[in-house]
Structure formats: structure tokens, C-alpha cells
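Read top to bottom, the protein sequences are chains A and B.
The first sequence runs 334 to 743 under the numbering used here.
The second sequence runs 1482 to 1858 under the numbering used here.
The set of hints was computed from the structure by calculation and includes no laboratory data.
Predicted, not measured: the structure shown is a model, and the values here were computed from it.
Heads up, some of the hints might be wrong.
Here are the simulated DSSO-like cross-link-like pairs (lysine-lysine), alpha carbons at most 27 Å apart as the crow flies [said to hold, decoys possible]: (1) B:1685 x A:675; (2) B:1517 x A:675; (3) B:1631 x B:1657.
Covered by chain A, per the in silico footprint, the following chain B stretches (three or more residues, Cβ under 8 Å) [unchecked claim]: (4) 1671-1679; (5) 1682-1690; (6) 1772-1779.
Idealized CB from N, CA, C, for every residue including glycine.
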Amino acid sequence: MHELFNNLVSNWHLNPVLMSVVTLLWILMIAALVLAFMATFAGVTSWIERRIAGRMMSRVGPNRVGPGGSLQWIADGLKCFLKEDVIPGAVDKPLFRFAPYLVFTGCFAAFAALPFGYGLVASNIDIGIFYISAITTFVVLGVLMAGWSSNNKWSLLGGIRSAAQIISYEIPTGLSILTIVVLAGTLNMQEIIQQQGGWPWHWFIFNNPFSFVAFFIFFSSILAEGNRTPFDLPEAESELVAGYLTEYSGMRFVFFFFAEWANLWVMSAIITTLFLGGWQIPGINDLGALISQSAGAGKYLWILASIAVFFTKTLFFVFVVIWVRWTLPRLRVDQLMVMCWKYFVPIGFICLLGSALFTILPQSSAWNWFYLSMRLVLTALGFGIAIALIWRSIYNIRALDDKIYIKVWE
Amino acid sequence: MTKLMIETLGTESTVVNMGPQHPSTHGVISLRLQLKGEVIEAIDPNVGYLHRSIEKISELTQYTGFIPYTDRVDYLSAMFGNQAWCMAVEKLLGIQVPRRAEYLRVIACELNRIINHLIACGTMAMDLGAFTPFLHGIREREKVNDIMEKICGARLNYNYMRFGGVSRDFIRGLDKEILAFVDRFKKFLPEFNRLITGNEIFEKRLIHIGVISPELAIAYGLGGPNLRASGIDFDLRRDFPYSVYPEFKFRVVTGEGYRGEVGDSFARYMVRIEEMEESAKIIRQAIEGLPEGDYQTKLLRNPVVPAGEVYSHVESTRGEMGFYVVSNGTDTAYRTKIRTGSFTAMSILPKIVPGLMVADLVALFGSLDVVAPEVDR
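Produce the entire structure from the sequences given, and follow the hints as far as they go.
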């Protein structure tokens, strides 16, 4: 994005004052674009999640507003926007008002360093993944603030649960990120993708057994960080009423859920970037060279293809997260901590060390057969697990031989 | 400085009101909890929010007119209220119920037991955060509701039984429909088990939680699945036979402590799951052996009941549901006392809850399957 801007502006020959104004406008435009993407994604996902949940539960889900209910999220947003913003009398008003924005900011700022396709990233900073894992910690501050300021015991319990949970799970998340960083040798999101290839056995997840394990740790921990089931304790509706959200209403309430659904994209995009080869198109080794060689529309077609690949992988994981949410029950708070400290953290350290070990192994071409066969075996294993899961689900769906009487996408 | 801070701040336990409006109390039940962090130090079940004076109403309403009120004692298993009340009055009147009517009663009751346990197991999963099993249970319940509608015209508060029989006979083809449901249910239960019962998280949340020893269960007068889960082999249908239950073959399910131990929350859950199977078996036997004949004995609409006292009890879904009726020789009861399983299940909470966490209380409360209106009547 930055190169594009420099190319554009260099032709205009502006004086420094105008230049800074134009730069500011450009930055604002990028921010607006990202915000628009985030808002649309959060909205549409809220509808898609409800439809998928409906399908899994043998019910319909929202289908009244727009074709198949696809405009439901706009109606919901408008409704909440027009609602009275109730602030209970006993709350700590400044903190209560500020908390949703902090949660929202923490999630929104992460989008700045997330790639969307080849060369498409709002800010291509060198410490990309570090920045993301740092900035998303803002969320815990907001949640804790919301829980504390609500002056409600259930909210406080939710806020404290959330703080304990997110901070604990930062560690396995960080360790599994480091596992990949060690392999890639960089923190930059785009460069991490460029280190991988298009085919599955070029991805970092199948690079070695340790990164394979790190993927599962990362996936579970990031579910916990995003407060998704089976780790949705902070807002466990059957235990804590609505957790830290209990006293919120109207637009402030929406801001929390905005962040939650946008967070779905953030976590899936990070998984895609770190483990699944990002936007790398299968069969193409050097997309950058290809793009710089091709002229005119071809260039943009390749970029579009990279976006499509990235979106497909990311949306698949969005679906998996939704799938998990509507299948599994919730862990208890001590079981959650046991899982983190007794299993994820030690295994995360082992993964980091093991992965580091692989980087110092001899890289000569004589060893290539070993690396390739290991990657192929891991790929087969990974896809085997996925296919077994899908086969099992299909079997379970077909077992009852149930005719669902509803047209799902009417 | 740090030391001073700690001295001034200190720690103390909080008192939290769980209910009357709380998502996991399933109705207006209020539990006052004393929490230390997330651990419960003491619990005070505060009953009475749903008191509707049903016992008093029976003193002002004629015997027949009280039948619909017995639906409302436990709205999720209304048939058992009907049956216990009708059996009590039939004992006072000294009339015999036709065999066909008894079979119809058994079929209706066991269907009711299935859908009640579906709700119980489903809401329990929902309390633990799994929404889908609940709605799958509801989906099957809907099919039984359709059958119930054909049996008696109502889907929730059935008002099906009458003194000396039932309100109407089966419509043509209904027995085939019920058998079709039983066949379907045989396939549904394994699906439900695959979805939730075998789930590692679900089991971890339930085993060793809220263990009720057999002695404690007897001491607090628990009944039904809660009692049997503690390992006590007791079922009114078999041990105090009523209606035509001796004619059917069925197993009394007791807690066996799969994975966990006898008397924990998972044992209670499993007893319900297995009882549904047994109920399906009873329904199949009853449909296959359904005799011809009257479905009602001829009786005045508002009978004058001879003076006397009688206690009748049935094996309800939540334990023993008993009606103690005192008649003074008019068409209205002099006094009625209703015994329900939910009330005793509520009373055991202060004994077993302290030391558990809030999340465990939710699981335990779900496993006791308490229904608010049955607690308060």
C-alpha cells in the first residue's frame, strides 16, 4: 500500500505542508477502508454464524430481513443504535463509558498489520506479529474495566475470569507464534507468508512435527483469547448471567460484539498467515516476480487470486471456530487454567525448542529427501485428521436419516 | 507499604443472589450464595417465588375441576399429576379403571417421561454451554408433542385423565404413529450420546461433582432418578405396583458410576438417558398388548366422594409424586397435600454444594432437574 502511495505522490511535486496533509488523508482513507471491512465482516459473520448455528440445531435462524435474512445484521445494528443507552446509576460512569471503545480499539488496531493478499496490508511493519499480539491485549483491559465499573458482582466475576484467562493464554499463544518466527526468521507478516509455499507441504504447519503440534496449541489458545466456546467463561450466560456485558445495552453492547466477531477474522487470519501459507497460490513459487513481470490487468488478476486464496483459508477457519462453538460445552475455570499451565505452556516450550533445533539441522541438498518426506507424512496426517473429522460429522448427520423440513437457504 | 495495603484491604466473601432471575435456575428459584472468589461457602435456597396455592385451590374446587390444576404442579410432566390425583380419588370412590384405560394411561405417562428427560438432559447440556443438544432434544420433543396433541388435544398441560379412565380413546392409526416414534427414538438416542454424552469436556464437568451418598439420599428423601443415581434400587412402578406396570418388563436403572462414581452428577444424567430407553420399551409393550374395551367407566361428572383419607403416589419423572387427600363426604376435597420430588432435591443443596464452584453449582442444579413450580406448588 505504501509503495502505491509513494508512486502516486511522487508525480504531484507537492510542498512539505501539503504533502503532510495528503499523507494524513491517505492514512485516514486506509483506516476507513479497514474499518469498513471490519464492520461489514463483523455484521455479515453475525448473520452467517446464526444461520450455521440454526442449521446445526435443526432450526431456521434469521431469514426475514432481506434474501435469506442476509440483511438481518443491518436491522440489528440499527435497532441497537436507536436504543436508549442505559447507564445504571451506581456504575463508575467514565470507566463504564470508556470500556467498550477500548475493547473495540484493541481489536480494530490489530487489522493494521494483518495481510489480505499479496502486498495488501494497511501497514507493512517489521514487527507485525509482535504488534498484533501486543495490541490485542488491549481487549483484556477493556473487559476488566467493564466488569469492574459495572458495579455488579456477576460482571466483576466475568471481568476477572476474563483477565485471568486472556493473560494466561497469552503465553502459549506467544510460544507457538515464536515457534513459527524461529522458522521464518522474521516478525513481518508478509515475509512470513513469503517464506512458505503454495502447496500444503510447504506450509509452516507441516514444516516439522513441532510446528504441527504448535498449530493445535495456537488454535486452542487463540480460541481462549477470543473468549469463544469452549473457553467462553467470561460471558458464560448460564453461570454469570452475561458476564461483563450484564449492565450494557444499546450501542455499547454492540461494540463488544463487534469486537468479538471482528476478532474471528483476526484469529483466523493469523492462523492462515503463520501456519497455512497465507496468500500463496499453489503451484506458483515466486508470486512477487510473477506480478512484477506481468503488465496491466494481469497484475491485478494475480493480486485478486492471492486475495481469494487468503480469504478462502481464513473463512474456512472462521467456519471451524463457529462449528466448535455450537458443538462443545464449556470448561470450568480451574480446568481452563490447568489446561493452560500444565499442558499448553510446557508443550509450547518443547515446540519452540524443537523447532529451533530444526533450523540448525544441516540444510544441504543431500538432506532434502528427509525434509520432503517428513513434510509429506505430516501433510497426510493433517489432512487425514481433517477428513476423519468431516467423515464422522457426515456419518453423525446421516445416522438419524432425518428429513429436515425447513428450506435452509430460502 | 505493601503489607499495610494488604492489612487494610483484607479479603472477605461476597453474597450473591443467583435468581430469582437467572438463566440457569430454570424458572423463579432464588439461591443466595456466599462466595469466596468463585468457591461457594454457603448456599441458601430461597423457595416460594412461584407459590400458587394449588393445595388450597383443591379445597375450593370440585374433584373433577381440580384435574387441570394438577397439570400445573409440574408442567413438564403433567400426566403424572393427573394420574396421582385420579388414582387418589378412584381409591376413595372405590371404582375400577378399565384395562384399556390403564394401558392408555401408561402409554401417555411413559411418553411424558421421555420428553421430560429430553428437556432435563438438554437443559443440563445448555447449562454447561452446549446449546445444540438442547435443541436436538426439543426437536424430538416436538414430535411427541404432536402425538400428545392427538392423544388428548393439548401439548403441555394435558388434562387427559378422568376418574375411572381417560378423557378420550386413541384416534385411528395413533398406535402406529407412536410405534414409529419409538423406532425413531431408538436411533435418536445414540446420536444424542455421540453429540454430548461421550464428550470429554461434558464428562469432566460432571464426574465427581455433587456426590450424594445413598445414606444422604435416603435421609433427605430424594426420589426418582436422583435417588436411583445414588445406587438405590427403588422404583414405585416396581416396588409399589400401581396401574398395569407389573405386566411390563423393564429394568430399574440405577447409577453405576461410569467414568465417575455412584451418585455424582454424571450418574444422574446417565440414569435419565437410560430411563428414556426403558420408557420406550414400556411404550412398545403397551402398544403391542393394548386390549380392547372401554376407556372410561360410567361416572357422574362431579362425583360425591365418600368420607375418608387416602394417599396415592406415582413414580413421576422427579421422584415420588404423592397426593394425600382428605374427603369429608362432599364433592370437594377437605384437604390435599402434594408431595413432590423437586422440593426434596432443593432441600439437599445446602448439604452438598459448599466447596463447589459457581460453574459446578450450575451443573449440579441441572442434574437434580428441579422444576420451579413443583417446588412451591
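Outcome of the hint check:
1. B:1685 x A:675: holds, 16 Å
2. B:1517 x A:675: At roughly 24 Å apart (the allowed maximum being 27 Å), residue 675 (chain A) and residue 1517 (chain B) satisfy the hint.
3. B:1631 x B:1657: Given pair residue 1631 (chain B), residue 1657 (chain B) holds - Cα atoms ~12 Å apart, limit 27 Å.
4. 1671-1679: This one holds; 5 residues, not fewer than the three required, reach chain A with a Cβ under 8 Å.
5. 1682-1690: holds (count 4)
6. 1772-1779: violated (count 0)
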